[in-house]
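**Student:** Sequence:
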Amino acid sequence: MNDQPSSTRTAPGQARLRGVNWGGLRTLYVKEVRRFFKVQTQTIWAPAVTTLLFLVIFSIALGGANRQVMGVPFPTFIAPGLIIMAMIQNAFANSSFSLLVGKIQGTIVDYLMPPLSVGELIAGLVGASVTRALLVGCAVWLAMALWPGVEVTVIHPLSVIWFGLMGSLLLSFLGLITSIWAEKFDHAAAVTNFVVAPLSLLSGTFYSVEALSPLFRGISHANPFFYVISGFRHGFLSEADSPILFGAMLLLVLNLGLFALCYGLLKSGWKIKN
1 MNDQPSSTRT
11 APGQARLRGV
21 NWGGLRTLYV
31 KEVRRFFKVQ
41 TQTIWAPAVT
51 TLLFLVIFSI
61 ALGGANRQVM
71 GVPFPTFIAP
81 GLIIMAMIQN
91 AFANSSFSLL
101 VGKIQGTIVD
111 YLMPPLSVGE
121 LIAGLVGASV
131 TRALLVGCAV
141 WLAMALWPGV
151 EVTVIHPLSV
161 IWFGLMGSLL
171 LSFLGLITSI
181 WAEKFDHAAA
191 VTNFVVAPLS
201 LLSGTFYSVE
211 ALSPLFRGIS
221 HANPFFYVIS
231 GFRHGFLSEA
241 DSPILFGAML
251 LLVLNLGLFA
261 LCYGLLKSGW
271 KIKN
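Each residue of the sequence shown is one higher than the one before, counting from 1 in the UniProt record's numbering.
Hints are not guaranteed to be accurate.
[To be verified] Ranges of calculated distance between the beta carbons of each label pair, as one might list FRET restraints:
id, residue 1, residue 2, range
1, Asp110, Glu151, 41 to 49 Å
2, Arg67, Arg34, 38 to 46 Å
3, Ala190, Ile272, 15 to 23 Å
4, Thr107, Ser268, 38 to 46 Å
[Claimed, not checked] Each computed EDC-like pair below joins lysine to aspartate or glutamate, with the alpha-carbon atoms no more than 16 Å apart:
id, residue 1, residue 2
5, Lys273, Glu183
6, Lys273, Asp110
7, Lys31, Asp110
Hints were generated in silico from the structure; no laboratory data involved.
Note that this is a predicted model, so its numbers are computed, not measured.
We treat Cβ as the ideally placed atom computed from N, Cα and C, and that holds for glycine.
Make the full structure from the sequences, and use the hints.
**Tutor:** Rendered as structure tokens:
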């Protein structure tokens, strides 16, 4: 005789948890944060040193403090762009590694077996990537604040927060898609070298796009990284190469689209379960 009411049973393979699995989500997030924090010299502090070298080299090569761009010394002009560039590149590096290393090492089951929904899996992985981006941004900002001749005072905190978050999310989603698609580290490296790095360097970090010819100015405006750089710079200089509201809404729409794409790919199990 069965004492269990049939109404409490669930079909085989059907999740028993209802609502958000906060415990599982927190565990995944902490796991991913600990993974990059164990090698924080490489993942957080090294980008700060590398970005500071960019600042010094380009400042010296392009005229230093004697050159004015948007009414401010050149080092102060490029500093915000270098901060957000380091943030988005590290957000991509973190999210593009998670599932890929699981597929290569055969530990992908550690992500698929826990009772986490697709949305919770995305939130944990992307949340850790954004955390790394924020830590890198703080480290780079601190390095530049201590460097003589560079002014990195925040004037519009909302612009810094919004565009920093939108840029980090954009690259986190792109990294997650890369991690789903890639079958070896060379694939992820190809996206880094041929997509992320060129779009970052050609986004107006080291120059104002208003100084370009109409053709190249139009090409720059087709680069989503350009709106991240321009909006983030507005938070420090009160100047931007693009309409702030338009850039903010465009990045929001792009992030929603990339989230939907990530959700669809993970839900289908493409290149992961198949």
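**Student:** The structure should be examined with respect to each hint, and the outcome stated for every one.
**Tutor:** Status of the hints after comparison with the structure:
1. At about 46 Å, the CB distance of Asp110 to Glu151 agrees with the hint of 41 to 49 Å.
2. At about 43 Å, the CB distance of Arg67 to Arg34 agrees with the hint of 38 to 46 Å.
3. Between Ala190 and Ile272 the beta carbon distance is about 19 Å. The supplied range of 15 to 23 Å therefore holds.
4. For Thr107 paired with Ser268, a C-beta distance near 21 Å fails the hint of 38 to 46 Å.
5. Proposed proximity of Lys273 and Glu183 is supported: the alpha carbons are some 13 Å apart, at most 16 Å.
6. Annotation: proposed proximity of Lys273 to Asp110 holds, straight-line Cα distance about 13 Å (limit 16 Å).
7. Between Lys31 and Asp110 the alpha-carbon distance is near 11 Å, which keeps this suggested pair within the 16 Å criterion.
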